[in-house]
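Here the protein sequences line up with chains L and Z, keeping their order. Under the numbering used here, think of the first position of the first sequence as 1, with each following residue one higher. Under the numbering used here, think of the first position of the second sequence as 1, with each following residue one higher.
Every clue listed holds true.
Listed below are the simulated DSS-like cross-link pairs for lysine-lysine, each with C-alpha atoms no more than 30 Å apart in a straight line: (1) 282(Z) to 87(L); (2) 169(L) to 123(Z); (3) 169(L) to 282(Z); (4) 193(Z) to 153(L).
No wet-lab data here; the hints were simulated from the structure.
Below, each chain spelled out in residue letters.
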Amino acid sequence: MSMPRLLALLVVCTPAFGAGPNLGTPISPAELAAWNIFVLPDGTGLPRGSGTFAQGAPIFAQKCALCHGDQGKGGISAALVGSPPIKSLDATKTIANFWPYSTTIFDFIRRSMPWQQPRSLTDEEVYALTAYLLALNKIIGEQDVMNAQTLPKVKMPNRNGFIPRFPDKMPPGPERDL
Amino acid sequence: MEKFAPAAGNGLLDRRAFLRGGAALAAAMTGYSVKAETLTDQPWSKEPGTLVPPYGAPSRYEKEVVRTLSNPNGEPRTQHGRTPHHLLQGMTTPNGLHFTISHAGNADIDPEKHRLAIHGLVKRPLVFTLDSLARYPMVSRFTFMECGGNSAPLFSPEPIQANVQALHGLASCAEWTGVKLSTLLDETGIDPKAKWVVAEGADAPHLSRSVPLTKILDDAMVALYQNGERVMPGQGYPMRLLLPGWEGNMNVKWLRRLQLTDMPGMTYYESRTYAQILPDGKAYQFYFIQEVKSFITQPSVGLSLRGPGFYEISGVAYSGNGRITKVMVSADGGKSWAEAALQEPVLSKAFTRFRIPWQWNGGPAVLQSRAWDDQGNVQPTRAEIVAHRGVAARVPPVLGFPSQHFNGITSWAIDAQGEVRHVYA
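The shape of chain L in the complex, shown without the other chains (with noise of 0.2 Å):
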């Protein structure tokens, strides 16, 4: 075959970027950093910086208190401490009774807190109050460092607590461990 209709060809069957309109901008992981804020439970994601209980003590009483009360007992919005029994339906759902993955605390507070200015937070902060909550709900020391080596690495009391309800609807597993 010659080379140009092979060319041709190759252009004919490369459906990724041949057929279709092609109105959209290819786009850099440097211009995206901004918007990359997912964390996967394996720690993909997370980034530099670390934080510890101590760190996070002033800031929770300045950013977090108003709404989740003193050290997270509660207020207008729910308690973060605290580890009631899971003897109803409708029971409490609280960090240390029943959030499966670490990084989900972090991942939460990075994209979502505090709730009238979120994206405010600096990663440091939110390291130091992932470490704060940890800590409070004595998931992990007061001395412990949360970074992105550590806080994957923490096992959630009800990491074991879930069951898919369609598993016939559920991707296979990730190759490497969680």
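Using the hints, position chain Z against chain L.
What follows is chain Z alone, placed relative to chain L:
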């Protein structure tokens, strides 16, 4: 004239009665005992009417046909607006009455500045503007949208006295038009390791949910239009993820980003809120599908019957698994059942309106409906759900969410005065 035999106990008539001769049936069932009034020309017939507005609105006499709001003063928590099913008909929910849930208000997005990024485990990350998406080949489909927490008050240990809007108002149906995600992923290419798509909104909480790639490639779209006009702000203007038949919260509004991954994000809403505690203390997670369900909208709580005689029983049925094939109705609390007529069109994963004629004899009645879909699923009774899923430890507030994904049978009891109450039967 033809005699219309009852189709089931307590006055249910054959669903085909009207098809065979409506006038004869109506005459047979009406006593004509009330004398007609003398007709006169009303003021609006004797002068020109009002100006035609640029954007139409319902008659001023329809002010009661509105959504009910859970948080009208915008306190720092979720806001819900519930659809008034008892005041609507057909299969389509008007855009202004489509249920909405906003976790931190409706984002007020300038469409010129909105972007949709698709990246992660793709061959070529791309970003789209609204203008560029609007040039892609589009598809339209009717689909219902339902909050996973719709009907949650029926987990209460005793029946909560509330109308169909309060109990089932977090479900609606619209025609959605947009670009299939398979079209856009053709252009980004898919890394073979990709199994999930994590979607994110541009609203203040940056709400995010994880969706299996198989669903995304099956029938998901980026919806730009709702019942012919641009998607309403409360539905995610200028674009939302549409996952026909799947849990409302996963249909991410104000969609700005789709990241292909090899594992679920375990986001807040899938880790905590939309995971359902079971009697043994474990919890379901990834309860993707809104399962087969129906409820009667007319008559229902608040719509009192005005004396014995003819009524049409009507409601909606739908299944996140497919098309409704049958709806049965009972007027005696489930002792006997008659098949309702299904209003065309009957579409997969859309509201299907059902109707059946009923001759109320003025005595006690308990109305129920039960639906079947083309995948072999049947709507469970409330007792079956409670046996499997449990019941709330205490009576929840009417707008509370003791759990989610209740698709059991709803029962409306009618007393001799024609008043309707919510009961467990």
